[in-house]
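Novice: Top line first, the protein sequences correspond to chains A and B. Numbering (the numbering used here) for the first sequence: 1 to 176. Numbering (the numbering used here) for the second sequence: 1 to 332.
Bear in mind the hints are in silico, worked out from the structure with no lab data behind them. Virtual Cβ for every residue (Gly too), placed ideally from N, Cα, C.
Computed spacing ranges between beta-carbons, pair by pair: (1) A/Asp90 with B/His20: 54 to 60 Å; (2) B/Val314 with A/Gly145: 34 to 40 Å; (3) B/Ala263 with A/Gly19: 17 to 23 Å; (4) B/Ala262 with A/Arg46: 23 to 29 Å; (5) B/Leu200 with A/Pro17: 44 to 50 Å.
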Amino acid sequence: MNTSVPPVTDDDHILGPAGARVTLVEYGDFECPSCGAAHPVLQAVRRAFGPNLRFVFRHFPLRESHPHAAAAAEMSEAAAAQGKFWEMHDRLFEHQDALEQAALARHARKIGLDAARAERELIARTHAARVERDAESGRAIGLRGTPSFFIHGVAYRGPRDRASLVAALASAAAAP
Amino acid sequence: MAKKVTETAEPVGTRRLGRHTIIRLAIYYLMVGALLLLVTGIFPKQPMTQGEVAPTEMAEALDWLRWRLVALPGGSPRWLDACVQMLGALLLVLPMAFTYIRTRTRLKYDHSIIQTIIVLPIVVTAILVVVQDSLALAFSLAGIVAAVRFRNDLKESGDAVYIFGSIGIGFATGIHALGVASALSAAFVLVELVLWKLNLGGEFDDTFRRLCMPGGADLAAPPHSAGDVPVAPAGNGRKRASEELEGDARAVLLKIYVLEAAAARPAIERVLVRDAKQWAATGVEGDGASKVLEYRVRARKSVGIEGLRDHLLVEGAPHVIAADEVEPAQRL
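Make a model of the complete structure from these sequences and hints.
Specialist: This is how it looks when you write it as structure tokens:
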């Protein structure tokens, strides 16, 4: 696997200020149990760093093993089109057992989206290209699994527990 | 390799000793002194001789009072004498019990010590009244005490001082030295309160400055950790010794990642003083690019740990990188 990741652009889904001390990029899959397990850890890490962390999420749906992952990713993009990507991102990770089309429409309603529009876009695969662009950037650097983390653009291969991630990010943030 | 420095610090000034407390203690001692003087005067130990003339000197007033008030030509009976001495012991040990409660935290407090130090001098007094000058009784007592074994771990090593103080008062009253017992009680309470107030020995930096640098020289680099600057800004948040917060379920362990400990610490502690109800510095880790300052913190309800952490990140900038709450499983 190539250890460097494509730079963060305005097209990415970003939480945190551009001038943050450290940037963490995650390639994730909404149906991946490991990503689901990492979700609360990442939330805690984000809270620990506050404005010192810029968190970036990129789609990397593993279509072979997770049949609903691509649709979930596209629904999250439909939410992004209505300005609610992170709400949908959190909801999907918290409801990984309900990612079929009807459930996705229900999630859209729950977070206050125009559910009919989101469902139309999902059926029309309006955002498939956007999801595929993220996935392609992951494949380009040799990604095989999720979640994959990059700190300051460099692959993080350490443990995915909170303490280890916080320590690694802090170390990267303090590096000259 | 990461190094860890443990601190148990509490700045001077956070231990409040009100003026009312001191006044009440002084009044108490005056009243007890007067009472004991009167009671010991009324119930003399030695027989009085009748037919003496009325006293002309103040020093003879008590003898005259004894003769006028007490119709006990053979002196007060032994049981009455014992009661007077035991009453003296009880009255003189009560301020010590008060001092114990005042200077102990909820965690360090041991209720059995309170009962022990109150009852012990009474028992010791009674024993000494029984033994008096009898060598045979003294040997018997030693034999009995040797046969009975007590093993009890004290919660605090300092509690032993209270036990000894209590025995001392019992001894003094047991040999009718109420003056000595009073002096012991007053001196004990005074010294104990002063030591507690100053927290002498509780914090290395402070003790070092008080004892080794009386001229007030700046303690620039105490020999415990590089870049670890003792700072205790004034405020409402109580800085506590680390072990005092360990058992507090409402306190969390915060790991604060900083660029430079010395620069970050004042800002961090300013926030803690304001936003924490109680807090304690528990250590410093790491000697690489970043350092980790560990604090055990009980946040104010109005702020919450999340709010406190946000304030640390914002007000601690640019030195504070992250503030992570350590999960219980990680504390092992």
